[in-house]
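Sequence lines, in order, name chains A and B.
All residue numbers in the first sequence are consecutive under my numbering, ending with 910.
All residue numbers in the second sequence are consecutive under my numbering, ending with 910.
These are calculated hints, taken from the structure and not from any lab test.
A portion of the hints provided could be inaccurate.
What the hints assert, rightly or not - Simulated pairs of lysine to aspartate or glutamate, EDC-like, Cα-Cα distance not exceeding 20 Å:
1) B:789 to A:250
2) A:748 to B:249
3) A:826 to B:712
4) B:748 to A:822
5) B:70 to B:217
6) A:789 to B:752
7) B:748 to A:249
8) A:859 to A:795
9) B:826 to A:250
10) B:633 to B:687
11) B:326 to B:348
12) A:748 to B:250
13) A:748 to B:616
14) B:748 to A:250
15) A:579 to A:822
16) B:826 to A:752
17) A:826 to B:618
18) A:446 to B:616
19) B:826 to A:404
20) A:285 to A:325
21) B:450 to A:687
22) B:196 to B:163
23) B:446 to A:616
24) A:748 to B:822
25) A:450 to B:687
26) B:755 to B:712
27) A:826 to B:752
28) B:748 to A:825
Said to hold, decoys possible - Partner residues are not named here, just some residues of chain B that face chain A (Cβ under 7 Å, in silico):
29) 242
30) 691
31) 742
32) 782
33) 786
34) 808
35) 814
36) 819
37) 828
Using N, Cα and C, we set each Cβ at its ideal position, and we do this for glycine too.
The lines below spell out each chain.
Protein chains: 2
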Amino acid sequence: MAKRQKRMVYSFGGGKAHGNAEMKNLLGGKGANLAEMAKLGVPVPPGFTLTTDVCTEFYGNNGKYPSGLKQDVEKTLKAVEKIMKMKFGDPDNPLLLSSRSGARQSMPGMMETVLNIGLTSKTIPGLIGKSGNERFVWDAYRRLMQMYSDVVMEKSAGIEPAEGKGIRHQLEGELNKMKKARGVESDVDLTADDLKELAVIYKKKIRQVLKKPFPDDPMEQLWGSIDAVFKSWNGKRAVSYRRIEGIPDEWGTAVNVQAMVFGNMGDNCATGVAFTRNPATGENKFYGEWLPNAQGEDVVAGIRTPNPLNEVTRTADARGLPSLEKAMPGVYRQLAGIRTLLEKHYKDMQDIEFTIQDGRLWMLQTRTGKRNGPAAVRMALEMLRSKLINAKTAVMRVSPDQLDELLHPTVNPQAEKKATLIAKGLPAGPGGATGQVVFTSEDAVKWAEKGSKVILVRDETNPEDVEGMRAAEGILTSRGGMTSHAALVARGWGKCCIVGAGTLDVDTKGRKFSGGGITVKEGDPITLNGTKGNIYSGELPMIVGTEENPAFTAFLKICDKIRRLKVRTNADTPEDAAKGLQFGAEGIGLLRTEHMFYGENCEKPLFQLRKMILSDTEAARRAALKDLYPYVKADIKKVLTAMAGKPVTIRLLDPPLHEFVPDGKGERAKLAKSLGITAKVLNARADALHEVNPMMGHRGVRLGITYPEVSEMQIRAILSAAAELIQNKIKTLPEIMIPVLCDVNELKHQAELVKKVHAEVCKEYNLRKITHMVGTMIEIPRAALLADKIAEIAEFFSFGTNDLTQMTYGFSRDDIGGFAPDYIEKGILPADPFQVLDQSGVGQLVQCGIERGRSTSPKLKVGICGEHGGEASSVKFCHNAGMDYVSCSPYRVPVARLAAAQAVVEEGTC
Amino acid sequence: MAKRQKRMVYSFGGGKAHGNAEMKNLLGGKGANLAEMAKLGVPVPPGFTLTTDVCTEFYGNNGKYPSGLKQDVEKTLKAVEKIMKMKFGDPDNPLLLSSRSGARQSMPGMMETVLNIGLTSKTIPGLIGKSGNERFVWDAYRRLMQMYSDVVMEKSAGIEPAEGKGIRHQLEGELNKMKKARGVESDVDLTADDLKELAVIYKKKIRQVLKKPFPDDPMEQLWGSIDAVFKSWNGKRAVSYRRIEGIPDEWGTAVNVQAMVFGNMGDNCATGVAFTRNPATGENKFYGEWLPNAQGEDVVAGIRTPNPLNEVTRTADARGLPSLEKAMPGVYRQLAGIRTLLEKHYKDMQDIEFTIQDGRLWMLQTRTGKRNGPAAVRMALEMLRSKLINAKTAVMRVSPDQLDELLHPTVNPQAEKKATLIAKGLPAGPGGATGQVVFTSEDAVKWAEKGSKVILVRDETNPEDVEGMRAAEGILTSRGGMTSHAALVARGWGKCCIVGAGTLDVDTKGRKFSGGGITVKEGDPITLNGTKGNIYSGELPMIVGTEENPAFTAFLKICDKIRRLKVRTNADTPEDAAKGLQFGAEGIGLLRTEHMFYGENCEKPLFQLRKMILSDTEAARRAALKDLYPYVKADIKKVLTAMAGKPVTIRLLDPPLHEFVPDGKGERAKLAKSLGITAKVLNARADALHEVNPMMGHRGVRLGITYPEVSEMQIRAILSAAAELIQNKIKTLPEIMIPVLCDVNELKHQAELVKKVHAEVCKEYNLRKITHMVGTMIEIPRAALLADKIAEIAEFFSFGTNDLTQMTYGFSRDDIGGFAPDYIEKGILPADPFQVLDQSGVGQLVQCGIERGRSTSPKLKVGICGEHGGEASSVKFCHNAGMDYVSCSPYRVPVARLAAAQAVVEEGTC
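This is chain A alone, in the form it adopts within the complex:
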């Protein structure tokens, strides 16, 4: 019962507020910031917030509200009425309200909103009298009816109409019918009388379709709207968005009820959205869009192309459009002042919404603005330089995903010069993308599943398109601005996106679009330059990398000063090694010796390997190994040379041998001939290698135990390569790594071989010693459990979390397709454990392995070389678990450097 006494309704407005910006978990981002703004003296329409606790209780209690909520709302409403000097439901001086969602983390467009609450047959005349604008009032009533019938009476009631049969579509149909009848093109051309007539038609239609009258009681409207917003937390779109963004279901949303202010009451009214800095570039200029005589939704929906906020950010596309700075200079100055106030207060870029009613500015919302990667890096650097924030805050200001964006492909500028431009649009998401054109979200998903790269082309996107946008390489819309749905979503994901390419004619039904005299059909390739906003015909070559971005380099240097975890790269070739070094790798954490049997120039060594595999005596194997040896040594020597002075971990042969045996009849026959055996004998030997579960079969150290001569050859190649570097006075630190270990005795066996070969190679090269280490992968659960024993021999551990995840879960990575999507969908697992390290299960084995290993050998060097080594949350886990380094593919090295720095900041020791 103690819970009941907690405040459920938080008021704000009139320079006061119950809440503040710290209370995001309880009030949601929007509510907390409205409270904060009210306290700061920013002009905010008064209102109140129903907390996320109310949401939780609502869901936990079968849609029933906590007792006392009704009274609290009514009481707080009175305070709002007092500030606004108006009364909700009053026939003469009616207050109108809005009801909006507000979660802890912004979910743009994913939940519901109802505006103009409180318009009824009784209050309409009063508002007409007060505003003197009959058309505005009937239009507001039309909007209320459209929204309310859709959101409250249909969706929230759980009615699922057939595609295109929803009340929203039916009312829009009536609107279009009316426009056609009146011979007008736009809504704004309908008169007050038209709209009044439409209200009657709407009411009839609503009753007919939904079997219920449109409510004429203001309180019924208010509670219906509150209800619908709470319920929209579990709407299909919101749930799908949460899955993608990893937002927990149990957070819930708050509901903000606020006095309505109108940007569409006449020409002295306006509405707009703005960012305190440019969210696409990070440039420190006040950036935004506005529309005169409009409601907020008109700007965000992307239906009307909005005007630029000021002159300094005006783009070529906005030529001829009026800026707010010019149109309403006084209001603009006030707004610019608020911009400075808010950024100083919040010490971060803000995303704000405002409305101007009769020349008076109202701030509807401020929140930390979403930005893309390049913008995040630039802002962090500039705010650090201007001392608005310190280094540790700067490091936290760029998410690993944002940093990753900077590594996104860009269109090759040379190729771009000669390419055929179809059209230009707004550069909403940077980087380049190329792919085949599709016109629906469903097709984008389907084609992508089949492995095609697609560009999703739409007139405009809406929240139903989220899955398709996710699946696409890039997004192109013909309508909307930089704050349209498509732009916001794409920026959040760092996805290449061009919006508002108004010259394009998109024919979704006909599955084609045209522009610049070119017609592009479904499946045709196009290329987007999301940084410039250019759309090209055909597939252009891409460049990957940020070698030339000084901000990127500067930002990562800040990270390097903070982080303690070393970052290595996984590299099999000198090229990989060079790329890794360029991205800041401090060594190689995984060199797969088997790489040389794949890809280019592998023919000769592969033949020797196959010969070795298909030999049936140790003598024959040794002969084949002797021929293979020079290739292996040369290969390793190249990489050691590229990484001179840095540690290089070289893993002995890992895959089961049958992976190298050709399947094809022709190739087998050729091989048999070269080996001097019959095809039948070769087939028999190859078949004998077949395994039921190869992942858990005869591989890794198990090969080294049964065929010690194979390990021996590799060890000799490594130590001889190192010896040759030493003779050339090049420093080298090879680390010999034994894979697939499950018992210390396996390592003992292999370490003995290393000892023996080391002595032999030293003698051959006349050296006293060749500095090297011998260690092991920890990738089998038993190895983690018995790490104390293993550390008696191992000089280093490298966690192979790919295989460790496979065995800890009993998931074959090759076979999870049959159930993993269901597991994520049904919430059985929070994420794909092969992408994000499972800290609760696999993480226990990692921690156990480190603790036990260090209990025997306190200075044991420990790292990770699985794919997780480049995934930010996993890197942080590795830092916290006490690893010395992570190792990942070259392109993930920057993210690992950032995540390692953030881990230090997050532990609070920086």
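With the hints as your guide, set chain B onto chain A.
Then chain B, alone, in the frame of chain A:
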């Protein structure tokens, strides 16, 4: 240096000894018992023991002895000389010595022995003078030369001659040449002069073959012999025996040097071995064999068929042979007295060796006698009844393997009546065996590896045959007695064995044997009745089980009184359930629902299952499941009925679906037709089910999550079957078990289904509730690690240690053939972890799972249902880990009952 001060040489004899029976680890079994016997006043030839610590140091220090050993030996030798009133190397009154191995655990025939040490050109005349038996002395010298040249000069020196070219064979060749030249059949027919001449020939041959003279210095002979015995610890045979018996390499052997006494100095001399009770039946009668005028090796080697010890144990085969009781009544009485003394002292059946020299009895050895299973059970029961031992000792007296022997197959007596008897032999190993005849150890191993059941037929066996004996179903020899090598080894393993079938003519080279007018060729089937000693032509049917053995039942009742761990059985059918109950199972720990799709009468349900699997919509699956449901319900109902009143754990579908799809083209075509789809469509659907690593694929609960309707059908079948029992007033306790769990959310999902179906079934059968439990397999490492979470939902855990072992080691059970033998051979792993639970690794996860599960749910019921549940050391581990029950196949239930009782005794709380 403190170590050096430890005694290295322990003397015994003359009624005194440094050591005692407790010191087996240091003195070996033989040495400890010689010391104990000496202290008991039993007449033991004096001598001394070099400790196992000396052996350890010998191996740890490159074959160098600890300093001071030489002096200690010389000093102690003086004491022996004093007791014997003879001097080692003395020309007039020479003392001869023996050097024998003695490990902590007996390894019969696996290490080396040298006798008659001290015979040289200087001492031979003295001994001839003293014994007055020139022939005996030259024969002793011949034996010394044969043994010493073989054991010390060849084997111990690491010389590996070609097959049949060893010095032993070459000297035997000379002996045979001499016999031929003299026209005699037997060694004993050679005269003193012949043997004297032979000594010259031997010396020449030895120098010629081994490039060294036979040593003529007694101390050189002594140290050579000590050396050879220590070295034989790492001989090929000994190592191979240790692998089979699980004896650690680091134990080492002691060496016993003892004054020689001679059973072959004349007709007043004899030698023999005896058991204080019959080791093959357990009967409380003094049982043994002896030979007049012979050395001990003559009895054990099985070359001469020995005489019975006494009249009461005389068998039909021994008709006409003299018993010691009759031949030397005084000595026999003394021996019988010592028998009583030793059994009272050691409180266990003793295996003794004795020699009679000139009518004087010397006890050479006493040790706990090996016995077969039936004998072990009978002795334990009878010693308990006579209060020689208490119940907890009785329970420890039968090893799980011995108990298992009682469950060995026996020949069907009806079939036996009509079978063709080839011959009769000595019943050395009980039970029946049938198989194809092979004539060499190598063939036995090869044929068995290919899956054949073989009977190894030999004239006599020797330690080189151990591997083949292991591989064979049964062993048959034409020579040797109940204490011959074949008999001892077979009894130790509980293997069916017949020895001394003297009427058989075994032609090893010709690969055939004949007897009773029948010739049996390699590959022909024969049948042995090892309990009776009968050899039959052809393959006779076997009966398994000990239903009729009251000692077995009585013994297990004693176990049941002591044990706390419950024992259940794994059973898929009413027949299995009945068998389990008969063996004492207290419930079913694992009923595999998929069993009904294998084996007899599975055609109809299998068709429905395949239909379900190859359906492509939920609706089609549900239709097939509806048709499958009655089969599943009927099946479960039968087993629940058979186990009325006892808990039955029913596991939901476990294998991946593709296991049920037929491979054959014809069968697929048939199935496609029945399903109304084309073969192409069927093939496509079947191919889509293929998995790279099926063990870690779409199986178990993963099927239940993706196809909840499959789980639902099974749950409904279980609860409906239970409901029908309840309606018939039959008590039933179904436990629904979810397999392959890796996360609590999977269990939540399935438990919800159970809840829903339970409500529906209750309604259908008009019951208030159907008592049941919902639990899970813990067989995935992650489930063990997150057991605390899982126990929030699970009402019981059942450890599936087969899969848990697979994933903890990363060993695919189907694929370990490629490396596991090497792993065992090279000592990387101590045992096959699928047979013996790996307590150090897998055991950690089991303990973790139990502890964490109980931390959430203190009364959580915990069991095991893997193959380990019937393996004794694993059962003991389960007891110690705090499990409530183990479950195993019906035939392993008795072993589990015994092991569970032994676990209680071993923890000392009984």
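Hints and how they fare:
no., hint, verdict
1, B:789 to A:250, "holds, 19 Å"
2, A:748 to B:249, "holds, 17 Å"
3, A:826 to B:712, "holds, 17 Å"
4, B:748 to A:822, "holds, 15 Å"
5, B:70 to B:217, "holds, 16 Å"
6, A:789 to B:752, "violated, 43 Å"
7, B:748 to A:249, "holds, 17 Å"
8, A:859 to A:795, "holds, 9 Å"
9, B:826 to A:250, "violated, 55 Å"
10, B:633 to B:687, "violated, 30 Å"
11, B:326 to B:348, "violated, 27 Å"
12, A:748 to B:250, "holds, 17 Å"
13, A:748 to B:616, "violated, 52 Å"
14, B:748 to A:250, "holds, 17 Å"
15, A:579 to A:822, "violated, 38 Å"
16, B:826 to A:752, "holds, 13 Å"
17, A:826 to B:618, "holds, 17 Å"
18, A:446 to B:616, "holds, 18 Å"
19, B:826 to A:404, "violated, 49 Å"
20, A:285 to A:325, "holds, 13 Å"
21, B:450 to A:687, "holds, 17 Å"
22, B:196 to B:163, "violated, 29 Å"
23, B:446 to A:616, "holds, 18 Å"
24, A:748 to B:822, "holds, 15 Å"
25, A:450 to B:687, "holds, 18 Å"
26, B:755 to B:712, "holds, 10 Å"
27, A:826 to B:752, "holds, 13 Å"
28, B:748 to A:825, "holds, 15 Å"
29, 242, "violated, 17 Å"
30, 691, "holds, 4 Å"
31, 742, "holds, 5 Å"
32, 782, "holds, 4 Å"
33, 786, "holds, 6 Å"
34, 808, "holds, 5 Å"
35, 814, "holds, 4 Å"
36, 819, "holds, 4 Å"
37, 828, "holds, 4 Å"
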